[in-house]
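Keeping their order, the protein sequence lines are chains A and B.
Residues 1 to 271 in my numbering are what the first sequence spells out, letter by letter.
Residues 1001 to 1176 in my numbering are what the second sequence spells out, letter by letter.
Derived from the structure by calculation, the hints contain no laboratory data.
Glycine included, each C-beta is placed from N, C-alpha and C at the ideal position.
Hints are not guaranteed to be accurate.
Straight-line alpha carbon distances no greater than 25 Å define the calculated DSS-like cross-link-like pairs of lysine-lysine that follow [to be verified]:
#	chain 1	residue 1	chain 2	residue 2
1	B	1175	B	1156
2	B	1158	A	255
3	B	1160	A	263
4	B	1005	B	1158
5	A	202	B	1158
6	B	1147	B	1175
If the Cβ cut is set under 10 Å, some of the chain B residues that face chain A in the computed set are [unchecked claim]:
#	residue
7	1001
8	1012
9	1096
10	1155
11	1158
The primary structure of each chain is shown beneath.
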Amino acid sequence: MALKGNLRDFNVTQLLNLINIAQKTGTLTVEGPDAISWVSFRAGKLIYAQMGNEDGSLTGILTRAGKITSKQADVIKENATEKSDQGLGLLLINAGYLSQQVILGSIQQYALDIVYQLFTWIDGLFRFDNDVLPPADAITIRMDLENIIMEGSRQTQEWELLKDEIPSLDMALTFVDRPGADIRDVQLTVEEWKVVSYINPKNTLKQIAKTNKMNDLEIRRIVYGLVQAGLVEIIRPEGMPLPPKAKKLPPVDKKQQASLVNKLIHRIRSL
Amino acid sequence: MQTVKMVVTGPFNSGKTAFIQSVSEIDVVSTERKISTEAERIKETTTVAMDFGRITVDDDLVLYLFGTPGQKRFDFMWEILAEGMLGFVVMVDSARPETFREARGILQTFRAYAPTPYVVAANKQDLDDAWEVEDLRIALGLDSKIKMLPCVANDKGKVKSVLLELLFSILEESKE
Ligand SMILES: Nc1nc2c(ncn2[C@@H]2O[C@H](COP(=O)(O)OP(=O)(O)O)[C@@H](O)[C@H]2O)c(=O)[nH]1
Ligand SMILES: [Mg+2]
């Protein structure tokens, strides 16, 4: 079934978060304002990215990264017996022109640049196709999305959205109990560490912000990044009184209530 | 005679009325009045007062299902509706990601009104554009502990299982 929509309603941060948590394999296609982009994932890791209006071939990427000149790129393209990126990469390594690290590093940076560019798109149709992967002869990488999401969130400063997502600073934070979500594996900024170090069901966001001398926007931005990376969760702080109108269930007697609920279950089953 | 209530909430057009209608023994639209501002003309009638369904259990017990009014200007009614409810269902139109954020906001608001059990119904699962339940769970930022159920609001069987899951949660809680 479909995983598609418009970035206006479900933004790139949220999409990457979903792909990360659901460990999806496939390709995300985004039609942005003046380009189309394809980003592929395997088990929730970024493996490949292309931007429609750019030369995303290995020679194109290496030229962009300043590892070869465009003249060299032309020569390579003309003379290489190997036309696939993988073949060409091996050729360059074996001939001693470039190291494997330089090649993989350039491809990684290229993919990252594309993904960070996507973060700036606020309008555009997206679609995720399960199990659609890059061509077999492409050179793929393998990057965790958590750091990318954190960095992307750092770069997106959407106050309105932040206020929507985190309406109240009277809430507290807790670490998410999910396999693979280990805060120690994530590179945090100093500011993020300041927040993380105060995570406790008793501390409200307001208190954490005040202690760290952060304003409402700063605290929201950091918390949003941590939440989207699936590392922390917003909870009602311990000991917070319920709003005045909130009341417990009407029948106080638990036994009586259980019998009432059983009656309801019986009745609804019979509908 | 005892009456108990459960609330069906969710964004405009998510399927609340259809949901209640599927299991109610009375006609739900009876409390609806036509309104016709341009923005709200997505469908013929829209709920201005509240949806209201009834399931008679026996001579001594009646269950009411209330749907929350969709328009922002009726938010004040939520609190009144939430008071004393056994639990609530949050309806989400699985095919309209533009409503997910609002659904999340509604869920948080209701949760703040009353600490009662709730389930989330991923409605309109019969549509081609419907997001899968597990994708929706992540999109809504819901913990794996929260019950999310596939739903088609005009399919009585599906509605029954959503209500039953909610009742099971309520039962669990009353045992604690
Ligand atoms: N295909 C499909 N349509 C539905 C479903 N539930 C509701 N609808 C339709 O969606 C529209 C809005 O439903 P309604 O119950 O009035 O939404 P409300 O505003 O939340 O009360 C109506 O046209 C319904 O017939 C469903 O599960 N599947
Ligand atoms: Mg309605």
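Going through the hints against the structure:
Between residue 1175 of chain B and residue 1156 of chain B, the direct Cα distance comes to roughly 28 Å. Violation of the 25 Å bound is thereby established for this hinted pair. Distance hint between residue 1158 of chain B and residue 255 of chain A is unfulfilled; the C-alpha atoms sit about 29 Å from each other, more than 25 Å. Only pairs whose Cα atoms come within 25 Å are accepted, and residue 1160 of chain B paired with residue 263 of chain A is accepted, the gap being roughly 14 Å. With a C-alpha separation of about 20 Å, the suggested pair residue 1005 of chain B and residue 1158 of chain B falls inside the 25 Å cut-off, and the hint holds.
Distance check on the hinted pair: residue 202 of chain A and residue 1158 of chain B sit about 40 Å apart at the alpha-carbon level, beyond 25 Å; violated. Between residue 1147 of chain B and residue 1175 of chain B, the direct Cα distance comes to roughly 18 Å. Compliance with the 25 Å bound is thereby established for this hinted pair. A cut of 10 Å between beta carbons decides the hint on residue 1001 of chain B: the least distance to chain A is about 13 Å, and the hint is violated. The restraint placing residue 1012 of chain B at the interface with chain A is violated, with a minimum CB-CB distance near 15 Å, outside the 10 Å limit.
Against a cut-off of 10 Å between C-beta atoms, the interface hint on residue 1096 of chain B holds, since the closest Cβ of chain A lies about 8 Å away. Annotation: interface hint on residue 1155 of chain B violated; nearest CB of chain A at approximately 12 Å, more than 10 Å. Among the interface hints, the one on residue 1158 of chain B is violated; its C-beta lies about 12 Å from the nearest C-beta in chain A, farther than the 10 Å criterion.
Taken one by one, the earlier hints fail for this structure at numbers 1, 2, 5, 7, 8, 10 and 11, listed in ascending order.
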